[in-house]
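Trainee: Sequence:
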Amino acid sequence: SILSSPASGFVKCCFCLILIVALTLRCLSCLLLLPYGFAYDDVVTVVRNHDLRPESPWTNLINHDYWGFGIRCFDSHKSYRPLTTATLKMNYHLHQLDPQGYYAVNVGLHALNSC
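Everything in the sequence shown is counted per the numbering used here, starting at 342 for the first residue and increasing by one.
None of these hints come from the bench; they were simulated from the model.
Do not rely on the hints blindly, as some may be mistaken.
Stated by the list, open to error - Label pairs and their computed distance ranges (CB to CB):
(1) His418 - Leu364: 30 to 36 Å
(2) Lys353 - Tyr381: 37 to 43 Å
(3) Pro376 - Phe356: 22 to 28 Å
(4) Gly350 - Val388: 48 to 54 Å
(5) Lys353 - Gln441: 35 to 41 Å
(6) Leu372 - Arg422: 23 to 29 Å
(7) Leu375 - Met431: 16 to 22 Å
(8) Ser370 - Thr428: 17 to 23 Å
If you're wondering where the values come from, they're calculated on a predicted model, not measured in any experiment.
The C-beta atom is built at its ideal place from N, Cα and C for all residues, glycine as well.
Produce the entire structure from the sequences given, and follow the hints as far as they go.
Mentor: Take a look at the structure:
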């Protein structure tokens, strides 16, 4: 069979090597960000988003957009990402407004996603 041929073993080895290199490069690129603060849309999605705060109910993640506005509001961007916002809320619980914590969790999530 083709899957048991020596060539398929070489292809699998090359694929694994490429995956390892890609994961390593991605992790290194994220680790280089550790000394820096929040950038670009992080200010709106994390710093100004009151849905991430402990006093804000978890149901807001269902009723609000990614930026913390009511999904039915005129000002809403209609960008609905409740799972992503939930990870940001858990991050806020652990790290408050320390960007290094968010970057470290981001690296971990990318590593898990690459497996």
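Trainee: Compare the structure with each hint and give your call.
Mentor: Here's how the hints hold up against the structure:
Between His418 and Leu364 the Cβ separation comes to about 31 Å, which falls inside the hinted range of 30 to 36 Å. Distance hint for Lys353 and Tyr381: a CB-CB separation of about 39 Å, consistent with the stated range 37 to 43 Å. At about 34 Å, the CB distance of Pro376 to Phe356 disagrees with the hint of 22 to 28 Å. Look at Gly350 against Val388: about 50 Å separates their beta carbons, and that is inside 48 to 54 Å.
Range check, Lys353 to Gln441: Cβ separation about 37 Å, and the 35 to 41 Å hint holds. For Leu372 and Arg422, the Cβ-Cβ distance of about 25 Å falls inside the hinted range of 23 to 29 Å, so the restraint holds. Judged by the Cβ atoms, the range 16 to 22 Å given for Leu375 and Met431 holds: they are separated by roughly 19 Å. Roughly 19 Å separates the CB atoms of Ser370 and Thr428, a value that falls within the hinted 17 to 23 Å.
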